[in-house]
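Q: Residue strings, one per chain:
Protein chains: 2
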Amino acid sequence: MRCDVVAVGTELLLGQIVDTNSSWLGEQLAAAGIDSCLQVKVGDNQARIVAALQSVLRDADAVIVCGGLGPTHDDITRESIAEVMGTTLEMDDVIADRIARMFASRNRKMSENNLRQAMVPRGASVIEQKRGTAPGLICPVGDKVIYAVPGVPYELHEMFERAILPDLLARSGEPRKIASRVLRTWGESESGLNERLQPIIDELDRAGNPTLAFLASGWEGIKVRLTARGADDASVRALLDSWAERVRAVVPEVVFGYDTDTMESVVLDMLRAQGLTIGVAESVTGGLVAGRLTATPGSSDVMRGGVVAYASDVKFDVLGVPRGPVISEDTARAMAVGVCKTVGSSVGLALTGVAGPAEQEGAKVGTLCIAVALPAGGESGATSQLVASSTTVMLPGDRKTMRELAVISALNYLRQLLLGS
Amino acid sequence: MRCDVVAVGTELLLGQIVDTNSSWLGEQLAAAGIDSCLQVKVGDNQARIVAALQSVLRDADAVIVCGGLGPTHDDITRESIAEVMGTTLEMDDVIADRIARMFASRNRKMSENNLRQAMVPRGASVIEQKRGTAPGLICPVGDKVIYAVPGVPYELHEMFERAILPDLLARSGEPRKIASRVLRTWGESESGLNERLQPIIDELDRAGNPTLAFLASGWEGIKVRLTARGADDASVRALLDSWAERVRAVVPEVVFGYDTDTMESVVLDMLRAQGLTIGVAESVTGGLVAGRLTATPGSSDVMRGGVVAYASDVKFDVLGVPRGPVISEDTARAMAVGVCKTVGSSVGLALTGVAGPAEQEGAKVGTLCIAVALPAGGESGATSQLVASSTTVMLPGDRKTMRELAVISALNYLRQLLLGS
Chain Z
1 MRCDVVAVGT
11 ELLLGQIVDT
21 NSSWLGEQLA
31 AAGIDSCLQV
41 KVGDNQARIV
51 AALQSVLRDA
61 DAVIVCGGLG
71 PTHDDITRES
81 IAEVMGTTLE
91 MDDVIADRIA
101 RMFASRNRKM
111 SENNLRQAMV
121 PRGASVIEQK
131 RGTAPGLICP
141 VGDKVIYAVP
151 GVPYELHEMF
161 ERAILPDLLA
171 RSGEPRKIAS
181 RVLRTWGESE
191 SGLNERLQPI
201 IDELDRAGNP
211 TLAFLASGWE
221 GIKVRLTARG
231 ADDASVRALL
241 DSWAERVRAV
251 VPEVVFGYDT
261 DTMESVVLDM
271 LRAQGLTIGV
281 AESVTGGLVA
291 GRLTATPGSS
301 DVMRGGVVAY
311 ASDVKFDVLG
321 VPRGPVISED
331 TARAMAVGVC
341 KTVGSSVGLA
351 LTGVAGPAEQ
361 EGAKVGTLCI
371 AVALPAGGES
381 GATSQLVASS
391 TTVMLPGDRK
401 TMRELAVISA
411 LNYLRQLLLG
421 S
Chain D
1 MRCDVVAVGT
11 ELLLGQIVDT
21 NSSWLGEQLA
31 AAGIDSCLQV
41 KVGDNQARIV
51 AALQSVLRDA
61 DAVIVCGGLG
71 PTHDDITRES
81 IAEVMGTTLE
91 MDDVIADRIA
101 RMFASRNRKM
111 SENNLRQAMV
121 PRGASVIEQK
131 RGTAPGLICP
141 VGDKVIYAVP
151 GVPYELHEMF
161 ERAILPDLLA
171 RSGEPRKIAS
181 RVLRTWGESE
191 SGLNERLQPI
201 IDELDRAGNP
211 TLAFLASGWE
221 GIKVRLTARG
231 ADDASVRALL
241 DSWAERVRAV
251 VPEVVFGYDT
261 DTMESVVLDM
271 LRAQGLTIGV
281 AESVTGGLVA
291 GRLTATPGSS
301 DVMRGGVVAY
311 ASDVKFDVLG
321 VPRGPVISED
331 TARAMAVGVC
341 KTVGSSVGLA
351 LTGVAGPAEQ
361 EGAKVGTLCI
371 AVALPAGGES
381 GATSQLVASS
391 TTVMLPGDRK
401 TMRELAVISA
411 LNYLRQLLLG
421 S
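Quick mapping for you: the protein sequence lines, in order, are chains Z and D. First residue of the first sequence: 1, per the numbering used here; consecutive thereafter. First residue of the second sequence: 1, per the numbering used here; consecutive thereafter.
The following block holds chain Z by itself, in its conformation from the complex (with noise of 0.2 Å):
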C-alpha cells in the first residue's frame, strides 16, 4: 500500500509556513506500514494542482491533499479534484444547513462564499467537520482514492485518525486497529539507545508488528514509540504492553514517564504523592526551570515559587549563600537549601553554571552544578531538617542548547533523588 501527499498552498511554497501536515503524514503512514514515497507542495494554480494529483496516482493507490478547502476564491482543491474525477461539483445540502447554522449560532453574518465548502465532486463521500467549517473528502479514482483534508493541523489530525486512516487500513485489508505507546527517556543518546535495544529492534524488524521509531525531541529528551496493529483494540493494547515492558526493562534507568508525561509532570506528581512542595533557585537557567514547572496546569499546589539568582548578590543577600566564587556544588546546595526558606517550600532544587559565551571562574562552557535539598528522613513539614545532594555535569551545545539541556538534567536530577527518597 502506497499513499503520497500533496500539500497545496502558495504560502507554503514561500516558505510563509513550514509544511508540517506531510512530515506528520508521514511518520503516522510509516508507523501504520503504509509507504510515502513521494510528498509535494503546490500552489493556488488548478493545472498545478491536477497535474500533481495526476502524477503521483499514477504510481500511488492513495494520495492525501491537505488544504484549499477554504472559504475563498483561493481555495480550489474541490474544483481540481473534480477536474481529476472527470466529474463536477454539487452543493451538499446538510453541510450548507450546518454551516449557516454555525454561523447563526455565533451570531455572525454568513458570506455567500462559505458555501463553496458546502461544494462535494460527484461521486465523492463526506468525512464530517468536528473542528472546523471545512468538511474532508474521500474521493474514488478508478480503484484509487483522493482524501482532501483541511491545512490546519488540528483538523487534520483529527479527520485522518477518524476517518483516513481506518480506509486506508480496510483499503490494504491490514488489521483496522492501530495505536501507538511512547517511552519518554532522558539520559542516554540516541545511538546508545539504539545499541542496547539492538535486539529487540532486530526482533521488531522480523516481525514487523509493533514497529519501533526514536523521535530526538531536544530538551524534552528521546522519545521511543512503538506503534501496533491488530484486529481489535484488546489485542493492540496486549502487543504494546508487552513490548513496552520489553523496551524498558532493557533501559529502566532512563524512561521516566509514557506517552503524555512530561519531566516536569513526572516530578510534580512524585512530589505531591510524598505530599512536597518545591521551590527552585536558578542563575544559569535565569528561570527557565520555574517556567517549565509552572506550565503544567496544577502545578500551583507542588510549586510554590522560585528565586532567579542571576547577580551574585542575589545569590548571597537573598539566599544565603556565602560570599566567594559561585560556579560550584557547595553555592548550589546552599542555594538549594536557601530558597526553600525563601519560598517556604518543603524541596529547594538550585542550577548554577556556565551558559557561555565565556569561561566563568575558570569553569568551562557548559559546566552544570545541580543540588537538591529534601527533608530528612522523608519529612515534609517546613521545619524539618534539610539534607542537599549535588552533582556536576558537562552540557553541549551552545548558549540556549546548553540552558535547556540544564532545565531537563536538573529535573531529572530531582526525579532519581525522589525516587531514592
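Treat the hints with caution; some may be incorrect.
Identical copies go unnamed one by one, so any copy, or any two together, can satisfy a pair.
Once the Cα atoms are required to be at most 27 Å apart in a straight line, the calculated DSSO-like pairs of lysine-lysine come out as [unchecked claim]:
#1 K130 - K177
#2 K109 - K130
#3 K400 - K364
#4 K400 - K223
#5 K400 - K130
#6 K130 - K144
What the hints contain is simulated information worked out from the structure, not anything from laboratory work.
Fit chain D to the known structure of chain Z by using the hints.
A: For chain D alone, kept in the frame of chain Z given last:
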C-alpha cells in the same frame, strides 16, 4: 525565472525530520523575485529521484536538489543527476585531496566511502565546501540547470547565498546584489499591519523592488521583511534605508527593532543606556520573562534576578504585597516595587494574571496585569523613590500561548515606559 526544489531523504518522508530546507529556499527565492512552483520530497531511491528531477525540469528553468550528497551508500544524488545529464561520474582530484587532508588534520582515518563525495558528473562545476565535507554542484542540463547542495541547513544556506543565488540572478539577467532588512514589530495584528501599509505595498507591487513580506513569529512578534536588489551594495542599502524608514513612519509605535534585535535585547540596551538595572517578579509566567532576559549574552550587567511568586504567600512574604486578591494591577504594582527591594534593582517588572485552564478570582483566562516600577525623576540610585505604572491586557490562546504572549507584552510595556522616561 522559475526554480523548483527537490529534497532527497527517506527520513523526510518518514517525518523523522521536517523539511525546512525547501521552505527556507522558497522564502529566499521569493525575496529575490524568482518563482518556485513545485517542491518535492523524495526518498533515497535513484529511479524516483531521477523521475522527480526530470518531471520538475520539464516546467522549471532550474532546480535545487538538497541532500543525498554524503559519503554513505544511501547518498545517491550524484548518480541520479549524472543519469539525468546522460553522463557519468568522475573523480575530482582537488576535492579528493581536500577531503583526505581534512581527515588527516583531525587524526582520523578516512574510509574509502568518503571519496564518493569527490565524484562529480562530467560537465558539472563544483561549489567549494566551506563548512562540511561534501561540495555542491552546478550541473547544466541543456539551457537549464540542477544545483545540488548538502541537506545540512547551515551548509545549504552558505552555498545558496555564495554560489546558487548569484548564478540564478546572472541567468535571469537580474541585478546581482541582494539584501534584506527586517523591521521587528509588536502590538499590531498581521491584518492590521497589512491594512495600514497597503499604500506602500501597492507601490512596491508596482515597482517590484524591494519586495515586502510579513512573517508572523509567535512571541517574537511580526516581522516585516524588505528585500532589495541592485547593481551594487550601496544602491541596495540605499533602497533598504529609504523603504524601511517609509514603513516605520507609518507604524512607528510598533517597530521595536531591526534585523537581529529582539524585544529583550532592545529593553536591555535601553536599561543599560540609562544606567538602570532590572528585577522581575512573575506569577502567571512563572520565570519565563527572566528566562528570556537572561537568554541574551551579556545580560548580567543589567539583569539582577527575580522572584517567581507562584504561590500567593510568596507574593506576600517575599515581595511584601498586601494580603488580598492577587489578580489585580494593585498587586502587580506592589510586586514590581517589592522585587526592586528584594534583588536590589533600580527597575522592577511584574506580571500577574490567569493562564487557565480555569478562571481565577473571577478574572477570565487571558487576563494579564503588568506593572513597572521606575525610579522617580529618572534617578537610578537604589535608594531613590519608585513610581509604579500598570496596565491590564486580555490575551488570546491556550495556556502556553497566553504565557508566551504575556512575556513579550510585558517587555513591550516596559519598553514604552523607558522610551518616555
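Q: Against this structure, judge whether each hint is valid.
A: Now for the hints, and whether the structure bears them out:
1. K130 - K177: within (21 Å within a copy, 50 Å between copies)
2. K109 - K130: within (21 Å within a copy, 58 Å between copies)
3. K400 - K364: within (16 Å within a copy, 33 Å between copies)
4. K400 - K223: Answer is both: 21 Å inside a copy and 21 Å across each meet the 27 Å cutoff.
5. K400 - K130: between (39 Å within a copy, 23 Å between copies)
6. K130 - K144: Within one copy only: 26 Å inside a chain, 47 Å across chains, cut-off 27 Å.
Checked against the numbered hints given earlier, this structure breaks none of them.
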